[in-house]
Each structure stands twice: as C-alpha cells, then as structure tokens.
Amino acid sequence: LIAEAQKPLIYCGGGVILSGAERELAAFADLVDAPVVSTLMGLGAVPADNPRMLGMLGMHGTHAANIAMQRCDLLIAVGVRFSDRALGNAETFAAQAKVLHIDIDRAEINKNVSTTLHITGDARVVLELLLSRVAQKANGQWMQQARSMMEEYLSDELFEPRKILRQMAAIAPEITVATDVGQHQMWTAQHFPFLHPRQLITSGGLGTMGFGYGAAIGAQMALGRDARVVMLTGDGSFHMNLNEACTAVSYDLPIITVIFNNQVLGMVRQWQTTFYGKRYSDTDPHRKTDFVKLAEGFGAKGYRAATPAEFKAAFADAMKQKGPSWIDCRIGKDEKVLPMIPGGGTVNDIIME
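Residue numbers (our numbering): 1 to 353.
Worth double-checking, as some hints may not be accurate.
[Said to hold, decoys possible] In silico BS3-like links for lysine-lysine, alpha-carbon gap of 30 Å or less: (1) K163 x K98; (2) K320 x K288; (3) K312 x K301; (4) K163 x K312; (5) K312 x K293; (6) K336 x K278; (7) K278 x K333; (8) K98 x K111; (9) K301 x K333; (10) K7 x K137.
Treat the hints as calculated values from the structure; they're not laboratory data. The model shown is predicted, which means the values in this text are computed figures rather than measured ones.
Build out the structure end to end from the sequences listed, making use of the hints.
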C-alpha cells in the first residue's frame, strides 16, 4: 500500500504521544515523504514548525488538513480513534483513500471507519518495524500541493484570540499549556504552535469545563517552579473551578491564567448564531465578575487587557511573577472558532469566515 501510494497522508493521534513514538513518526513521515495531520490529542507529536505538519484535522481543523484528507490516496492513521469531531460525515471521510490503521486497541479497528489494512500494536513498535521495511519514497509534487493549501488567519489590528496566542508563543514558545473546554480550547489547538509532546494538556473528548486549573496545578508541581505553565480558559469554564486559586497561591505556583473573557458561553452561542437563527438561550449568564479584584482577593496578581499592546505587556510582566497571576482578556462576544465544518458535514461545507 505504501509503495503504491502517490499521495500518502499520516494522521496521528494521542496514541503516538502515549507510546513515546514522536521520533519514529517524524522519521516515518520523512521515509514515506508524506504530510502529517493531527487530532487534538496528537498535537505536539510533530512540531508545528515541521514543514510536513498541516495542523489539526476535523470540525475546527485547518483548511489544509481537511483538504489533504479528501485528496490523499492512502491514509496512514496512527494512534487515533476516528472520533466524530474528526470524521464529520463518515461516509465521505477520506473518500478517495485506502486506510491503514495502526492502534494498540483492537476495539478501535473498523469501529468508525472501515480499513483496507490494520495493524494492532503499540505505535512506537509498529513504526520501528515499518522503518526497517519500507523503502524511501519521493512524493515532492504531493508535498508541495499540500503545503500550498496552508492559510494564515491572523489580523494584526484586532484584539482577538489568534493574536493573543501568537503573542504568547513569541514571548514563551516552550510553555506548557493547559486548557478548559470551549472556544478557547479550539483557538489554542488551531493557533498555538506546539513544539513537543505533552506541551498541551487538555481533556479532549471528555469535554470537562473546569479541568484546566487542576491540570495546570498538577503540571506545575510535576515540572517544578522553574518551568512555566499557562492555563488558557474562558470566563464560562473558569467559573467552574477558579476556587482552586487558593491552592495555587498556597503553594506559590507561578501559573499564568489567560482568560478569554467574552462574557458569554461562547461555543454554544456560536452554534446558536450559526445554526439556530440567533435564537439565544442560556448562553449569556450576565455575570459581573471582576477577575482582577478576585485574583487579588485570592492573593494572586491580576491584569486586564483590551488591546494587543496591553496583553503583551501584561503577559511579559506575568512571566516575571513568582506566584500565580490572571490576565482578563476582554474579547468580543461574537468572536468565532473558524474554520468550522458543521457536525455531520463534509469539507465542502467548511465555514471560513
């Protein structure tokens, strides 16, 4: 299958990270000369600055990743479960491709996607075996075509999530990032350039609002105070578990919390806007929480930012703090996570703006 393929595509998931197979995966991608796309849980397995990396696939994946999936002739899926957020319309998913699925869990094989061939085993072990058996490939035209589909979704004028994430990465590219669940989680997956495995800590398909702060505390304790952990959250998610700030303060943990504060429950509101004729229900809780005062009440450092310059200054100063800090980022309530493929849709239904 690999020898015959002219447009191979590697689709990597959390199983690659769990097995510690990132080096083998990168070597395998070079060997078969293929671009790589990722699940949410697979981000970091291939560095964002690797020219083969097209980004995340699926409902909120990049345009390049989703188009490449539809154009490839061999899909090599490693450590993935083919979740509904990745598949969209399962009947048209990778419709032109043969599917090679590598996964340690036999129950995942042929569950959501029918395979042409599958290998049940640990991702690292299987990739090591393939590296010793597969001949070098040259698919330069396909690689060039895949890279040409990459697009930039950044505006320098607006104070919006993409700008915030790029400024963070420019100041501190090696930070460990924990997220809650919602729009901020998807913006982070789309626009923060993860460079190594386990740099992103998120609850994935569990969808647990409030997960982020406990995860950030655990990561900071594990990595030590010399490391930098940043918790990205929305005002909706943060209200679920912000009481743990007292723990972060008690242990003097230098966690920076960046709050994408649009004062609504943004992801559900986005769906209500896009698919339900702006019939809003229970997505504007009318909260008046002052996160700066609340941070100070807990004994943390509080900042507020409403412009790119204010955020840059606040984040740079927060990086100098020895204890926890919060940055309340005032973004518009109509900011959306784009691109977006509607649930059950195909790449032809992608919403770009």
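Here is what the structure says about each hint:
no.: 1; hint: K163 x K98; verdict: 38 Å, violated
no.: 2; hint: K320 x K288; verdict: 29 Å, holds
no.: 3; hint: K312 x K301; verdict: 16 Å, holds
no.: 4; hint: K163 x K312; verdict: 10 Å, holds
no.: 5; hint: K312 x K293; verdict: 20 Å, holds
no.: 6; hint: K336 x K278; verdict: 14 Å, holds
no.: 7; hint: K278 x K333; verdict: 13 Å, holds
no.: 8; hint: K98 x K111; verdict: 16 Å, holds
no.: 9; hint: K301 x K333; verdict: 25 Å, holds
no.: 10; hint: K7 x K137; verdict: 11 Å, holds
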